[in-house]
Structure formats: C-alpha cells, structure tokens
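Number of protein chains: 2
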Amino acid sequence: MKLLEEKIKTCGRVLPGGVLKVDGFLNHQIDVDLIMSLGREFFDLFRDEGINKILTVEASGISIAFAAAQFFHVPVVFAKKGENKNVGKDVYTGECFSFTKGKPYEMSVSKAYLGKEDSVLIIDDFLANGAAVKCLMHILDQAGASLVGVGIAIEKGFQPGGSELRAAGVRVESLARIRSMDDEGGIEFFD
Amino acid sequence: MKLLEEKIKTCGRVLPGGVLKVDGFLNHQIDVDLIMSLGREFFDLFRDEGINKILTVEASGISIAFAAAQFFHVPVVFAKKGENKNVGKDVYTGECFSFTKGKPYEMSVSKAYLGKEDSVLIIDDFLANGAAVKCLMHILDQAGASLVGVGIAIEKGFQPGGSELRAAGVRVESLARIRSMDDEGGIEFFD
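Chains as they are written, first to last, in the numbering used here: chain V, 212 to 402; chain L, 212 to 402.
To be clear, the hints were calculated from the coordinates, so they are not data collected in a lab.
Take the hints with a grain of salt, since some may be wrong.
It does not matter which identical chain is meant; a pair holds if it fits inside one copy or across any two.
What the hints assert, rightly or not - SDA-like mimics (lysine to any residue), calculated; alpha carbons at most 20 Å apart, straight line:
1. Lys-345 with Gly-326
2. Lys-300 with Arg-224
3. Lys-292 with Phe-308
4. Lys-300 with Phe-236
5. Lys-292 with Phe-310
6. Lys-292 with Pro-315
7. Lys-300 with Gly-313
8. Lys-232 with Glu-269
9. Lys-232 with Tyr-303
10. Lys-300 with His-349
11. Lys-232 with Glu-294
12. Lys-322 with Arg-224
13. Lys-292 with Lys-314
14. Lys-300 with Lys-312
15. Lys-312 with Asp-301
16. Lys-232 with Ser-391
17. Lys-220 with Ser-391
Hey, can you work out the whole structure from these sequences and the hints?
Structural data, given as structure tokens:
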C-alpha cells in the first residue's frame with residue numbers, strides 16, 4: 212500500500228538494532244485518516260470471507276482493528292496483556308515473548324467473546340517474529356474459532372514470522388512489507 | 212446519553228466491591244457502532260473549542276478517542292503505561308495509582324507529540340477516583356499544553372474524581388453518570 216509506505220519513509224525512523232519507530236502516526240500518536248485507510252484496505256482484502264469478529268491485542272492494534280471493524284460492521288475483541296484482575300478467570304490464555312520489552316508476557320481473552328461460531332480476522336500493527344500472531348492463533352484454537360486471515364500494517368519481511376505463517380497455510384496480508392532497513396535510515400519494501 | 216445508559220443496564224454487570232463490568236461492549240469486546248456514537252457525542256459537546264489533539268491512555272481509552280478524533284479530524288495521542296523501551300527517554304511522565312490492579316504505575320508521553328501549541332481534549336472510558344485523568348493533566352502541564360476539557364464514557368458519580376475535577380474548574384462531560392450501584396445489579400444514573 213503506497214500510502215503507508217510513503218508515510219513510513221517520510222515519518223518513520225530506523226534505530227540501531229532493527230527497530231522501526233512509527234510512533235508519530237501508528238503506535239503512540241495516531242494519524243486517524245491514515246489508520247482509516249488501512250482499515251478500508253483490510254476490508255477490501257477480506258470483505259468476502261464471512262468475517263464476524265476482529266481480534267487484536269492491546270494497545271497498538273486497537274485503532275487499526277477498530278478502523279477495519281467500521282467497514283466490516285463486526286465487533287473487535289482485544290486480547291489483554293499481563294494478569295488482569297478485571298478479565299476474570301474464565302479466559303483463554305497464551306504466553307508470548309516480547310522482543311521489544313525483552314521478556315515474556317501472558318495474553319488472555321475472555322471465553323465469553325470468542326467461540327466456535329466465530330470467523331476471525333486477526334489484525335496487528337507489526338509482524339516480525341510472529342510471536343503475537345501465533346499467540347492469538349493459539350487462543351483461537353482454544354476457542355474453536357476459525358481463523359480467516361491475518362492483516363498486518365507493517366511486516367518486517369526480513370524476519371521470519373510472515374514466511375512461517377504463510378508456509379503454514381495462513382493468509383497473511385501486510386500493507387507494507389519491508390525488505391530491508393539499514394542504520395542510515397534507508398528502507399526498502401517488497402513490491 | 213440514553214443509548215449508553217441503556218447498554219450499561221442491559222449488558223453491564225455489577226460485581227461486588229463496586230466493580231462495573233462493561234467488557235462486552237467497551238473495554239475488551241468493542242461495540243463499534245456504539246463507540247462511534249460516543250465519539251460523535253463528544254464532538255457535539257466540544258466542537259467549538261478549537262481542539263487540535265485528543266489525549267487518552269492505553270488501552271481502553273483508545274477506541275473512544277479514535278472514534279471522536281474521526282469527527283474532530285485531529286490526531287490521538289495515547290499515554291503508555293509502565294516502562295517502555297520504545298518510547299525513549301524524552302518523555303513527560305506521571306505516576307498514577309490503579310485501583311483496578313491495586314498498584315501504582317507510570318504513564319508517559321513522548322515530548323514530540325505534546326507541546327504548548329496544543330489545545331487538548333482528554334478522553335477516557337471510566338472516571339472514578341480521577342487518578343488517570345489527573346495524571347494526564349499533569350502531563351499536559353509539563354508540556355505547557357492547554358486542557359480544553361475531559362470526555363468520559365462512564366463516570367462513577369458516587370466516587371470523588373468527577374466532583375474534584377469540576378470543583379477545580381475543569382469541564383468534565385460524562386456520557387453516563389452513575390449515581391449508585393448495588394450488589395443485586397441495580398444501577399441508577401444522574402439525570
């Protein structure tokens with residue numbers, strides 16, 4: 212998606228260690244019009260798939276999932292991270308390693324909001340090693356829900372998550388797929 | 212706002228200890244059409260105030276802030292909780308006590324996304340003791356930004372946060388303001 216690629220090139224920053232900072236428009240400050248365009252794009256990609264729920268994980272995935280859900284007219288469920296007194300005990304859980312924070316964390320979704328009647332689109336802001344998406348898929352398995360596909364804003368295509376998911380037969384649609392980043396700030400995208 | 216009050220009465224659950232669970236439509240599963248209506252209502256209330264940014268805090272505030280921002284056509288900034296490697300060191304911070312989690316936590320906003328040129332609407336899902344809103348106001352003070360007002364989905368009007376803020380001259384608009392809740396599930400609203 213050219214619009215997102217251009218935004219990454221003009222407003223993103225590459226930091227040492229393969230970190231791409233997009234907090235000016237995606238995951239700290241949110242460019243609402245841009246995020247709505249991403250939501251619209253996910254709708255165009257998955258509109259005929261019978262999706263009745265969108266699953267994401269707090270916090271950065273929420274705005275993108277919410278934008279897409281406005282076009283699909285379906286609810287969003289966001290997985291909670293860490294222990295949550297307020298979620299209760301009747302939950303599906305998965306453990307996920309955060310490469311950003313350098314430690315594992317737990318994700319949970321209340322059993323009330325996912326079940327075998329659900330056809331689910333997973334949406335998240337980033338896909339790199341795929342840890343978060345795999346954890347959400349594990350939660351869908353526990354619920355007996357069907358995974359329709361995965362919509363990602365920015366895929367670090369030089370990390371293995373996307374390739375592994377596609378090799379496993381998952382439909383992964385990334386709106387910007389980065390081929391390489393260098394420490395001078397250069398970013399190349401896959402066509 | 213009748214629509215929200217009705218939703219709370221039909222889908223909310225009162226738990227012992229003054230906990231109101233609204234995770235079926237607000238802060239775990241999200242009813243997108245309802246949240247868009249809340250956003251529209253905040254726009255109607257504050258449309259003439261020259262707001263150029265909406266500030267909230269992850270995670271439950273994000274969808275409501277994002278909904279409102281679509282009408283205001285302004286960016287959303289969400290404060291991050293806890294220590295964030297990815298936010299960097301150039302941040303405004305505040306410490307806040309979470310009554311839900313029973314412990315204090317830090318909130319931070321990058322200095323890049325708030326400044327003295329900003330006229331800010333704070334939006335959050337709940338107002339009870341007012342800890343989170345006061346922490347966001349402390350962050351606005353550090354930034355030299357102007358607070359226009361506070362938009363809250365559900366105010367627990369029997370807790371002191373809202374009254375304290377109004378007494379301090381802050382314009383607080385709560386779309387559903389609860390007068391009382393009892394352990395049998397009864398909920399009364401202020402008119």
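In rising order, the numbers of the hints this structure does not comply with: Per hint list: zero violations.
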